[in-house]
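A.B. asks: Chain by chain, the residues:
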Amino acid sequence: NAGVTQTPKFRILKIGQSMTLQCTQDMNHNYMYWYRQDPGMGLKLIYYSVGAGITDKGEVPNGYNVSRSTTEDFPLRLELAAPSQTSVYFCASNADTEAFFGQGTRLTVV
Amino acid sequence: QKEVEQNSGPLSVPEGAIASLNCTYSDRVSQSFFWYRQYSGKSPELIMSIYSNGDKEDGRFTAQLNKASQYVSLLIRDSQPSDSATYLCAAGYGGSQGNLIFGKGTKLSVKP
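If you're matching them up, the sequences are chains D and E in order.
Take 290 as the starting number for the first sequence in my numbering and just add one per residue.
Take 173 as the starting number for the second sequence in my numbering and just add one per residue.
By construction, these hints were calculated from the structure, which means they are not laboratory data.
This one's a predicted model, so the numbers in the text were calculated from it and none came from an experiment.
Beta carbons: idealized from backbone N, C-alpha and C, even for Gly.
Don't take every hint at face value.
[Stated by the list, open to error] Now the in silico label distances, taken between C-beta atoms and shown as ranges: (1) E/Q252 <-> D/G292: 42 to 52 Å; (2) E/P253 <-> D/V349: 40 to 50 Å; (3) E/K214 <-> D/S307: 43 to 53 Å; (4) D/I343 <-> E/V201: 16 to 26 Å; (5) E/S281 <-> D/K333: 20 to 30 Å; (6) E/R232 <-> D/N319: 41 to 51 Å; (7) E/K214 <-> D/D345: 24 to 34 Å; (8) E/K214 <-> D/P372: 39 to 49 Å; (9) E/G188 <-> D/K303: 47 to 57 Å; (10) E/K228 <-> D/P372: 34 to 44 Å; (11) D/N354 <-> E/A189: 46 to 56 Å.
[Stated by the list, open to error] EDC-like cross-link-like pairs, simulated, lysine to aspartate or glutamate; straight-line CA separation at most 16 Å: (12) E/K174 <-> E/D255; (13) E/K279 <-> E/D255; (14) D/K333 <-> E/E175; (15) E/K279 <-> E/D199; (16) D/K333 <-> E/E177; (17) E/K276 <-> D/E348; (18) E/K276 <-> E/E187; (19) E/K214 <-> E/D255; (20) D/K333 <-> D/D315; (21) E/K174 <-> D/E348; (22) E/K239 <-> E/E177; (23) E/K214 <-> D/D327; (24) E/K283 <-> E/E229; (25) E/K239 <-> E/E187; (26) E/K276 <-> D/D327.
Let's have the full structure, built from the sequences with the hints guiding it.
C.D. replies: Given below as structure tokens:
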């Protein structure tokens with residue numbers, strides 16, 4: 290089973306560039322999330338979605354946007370990359386209990 | 173501000189010993205609590221969840237919850253070198269487990 294798939298695994302962006310981190314899940318989960326993890330830190334919630342067409346801000350949403358047009362996909366958009374967005378990004382999904390995480394995207398902004 | 177506090181460690185225990193990991197949370201609204209294990213460079217994986225006061229055991233792992241003290245712990249019995257990882261404590265808010273506030277994690281090292 291694929292579970293939660295994130296692409297790309299690694300990316301280097303220049304300041305001011307934009308990009309989309311892709312996340313797709315094949316478990317028919319209603320809930321999907323984006324977290325970022327800075328070195329030596331825990332996970333911080335950026336955005337989450339409780340179903341197709343519904344998104345909401347998490348703890349650290351500034352500089353990011355999301356959309357949820359289908360149950361499967363939950364892309365995260367960075368419009369004007371800044372060095373402060375250098376981090377590892379995790380997408381996750383769940384139904385009622387266990388949350389499943391993607392393998393992460395390591396993003397560096399230079 | 174909702175916060176989850178963990179001792180960052182590292183916590184070092186010999187193989188076969190009991191490892192004790194602790195966590196406190198700031199908001200009494202939290203009703204669900206989780207321990208995730210994260211190996212270096214990998215994504216977190218759920219190892220225990222607990223919702224009620226008391227102990228919950230699963231194999232070598234025991235989670236303990238004390239809501240009055242706002243305290244959660246994880247005990248790992250018969251620790252193995254393969255248990256060496258960072259353990260993230262998380263408190264859940266809202267209607268979904270995914271609305272989680274994570275602690276910074278405790279790095280555990282089990283020495284052979």
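A.B. asks: The structure should be examined with respect to each hint, and the outcome stated for every one.
C.D. replies: Hint check results:
Between E/Q252 and D/G292 the CB atoms are about 26 Å apart, so this pair departs from the stated range of 42 to 52 Å. Take E/P253 and D/V349: their Cβ atoms lie about 35 Å apart, and the range 40 to 50 Å is violated. Roughly 28 Å separates the CB atoms of E/K214 and D/S307, a value that falls outside the hinted 43 to 53 Å. Our hint of 16 to 26 Å for D/I343 and E/V201 holds, since their Cβ atoms are close to 22 Å apart.
Separation of E/S281 from D/K333 is about 25 Å and conforms to the stated range, judged on CB atoms against 20 to 30 Å. Distance hint check: the CB atoms of E/R232 and D/N319 are about 33 Å apart, inconsistent with the given range 41 to 51 Å. E/K214 and D/D345 have their C-beta atoms about 28 Å apart, which keeps the hinted 24 to 34 Å range intact. In this structure, E/K214 and D/P372 break the distance hint of 39 to 49 Å, their C-beta atoms being roughly 25 Å apart.
A C-beta distance of roughly 51 Å is found between E/G188 and D/K303, which places it inside the suggested range of 47 to 57 Å. One distance hint, 34 to 44 Å for the beta-carbon pair E/K228 and D/P372, holds here, with the actual separation near 42 Å. Checked against the hint of 46 to 56 Å, the pair D/N354 and E/A189 passes, with Cβ atoms roughly 48 Å apart. Proposed proximity of E/K174 and E/D255 is contradicted: the alpha carbons are some 29 Å apart, above 16 Å.
Our distance criterion of 16 Å between C-alpha atoms is met by E/K279 and E/D255, whose separation comes to about 10 Å. A C-alpha spacing of about 11 Å is found between D/K333 and E/E175, which places the hinted pair at or below 16 Å, so the restraint holds. Simply put, E/K279 and E/D199 have alpha-carbon atoms about 24 Å apart, too far for the 16 Å limit, and the pair is violated. In summary, the hint linking D/K333 to E/E177 is supported, as the alpha carbons are separated by about 14 Å, within the 16 Å threshold.
Of the pairs offered as hints, the one joining E/K276 and D/E348 holds, with about 15 Å between alpha carbons and a cut-off of 16 Å not exceeded. For the proposed pair E/K276 and E/E187, the alpha carbon gap of about 24 Å is over 16 Å, so the pair is violated. Only pairs whose Cα atoms come within 16 Å are accepted, and E/K214 paired with E/D255 is accepted, the gap being roughly 14 Å. Taking the CA atoms of D/K333 and D/D315, the gap is about 24 Å. The hint is violated against a cut of 16 Å.
Under the criterion of a C-alpha separation no larger than 16 Å, the hint pairing E/K174 with D/E348 is consistent with the structure, at around 10 Å. The hinted pair formed by E/K239 and E/E177 meets the criterion: a straight-line CA distance of about 15 Å does not exceed 16 Å. In summary, the hint linking E/K214 to D/D327 is supported, as the alpha carbons are separated by about 13 Å, within the 16 Å threshold. As the CA atoms of E/K283 and E/E229 are separated by approximately 24 Å, the hinted pair breaks the 16 Å bound.
Annotation: proposed proximity of E/K239 to E/E187 is violated, straight-line Cα distance about 31 Å (limit 16 Å). Of the pairs offered as hints, the one joining E/K276 and D/D327 holds, with about 10 Å between alpha carbons and a cut-off of 16 Å not exceeded.
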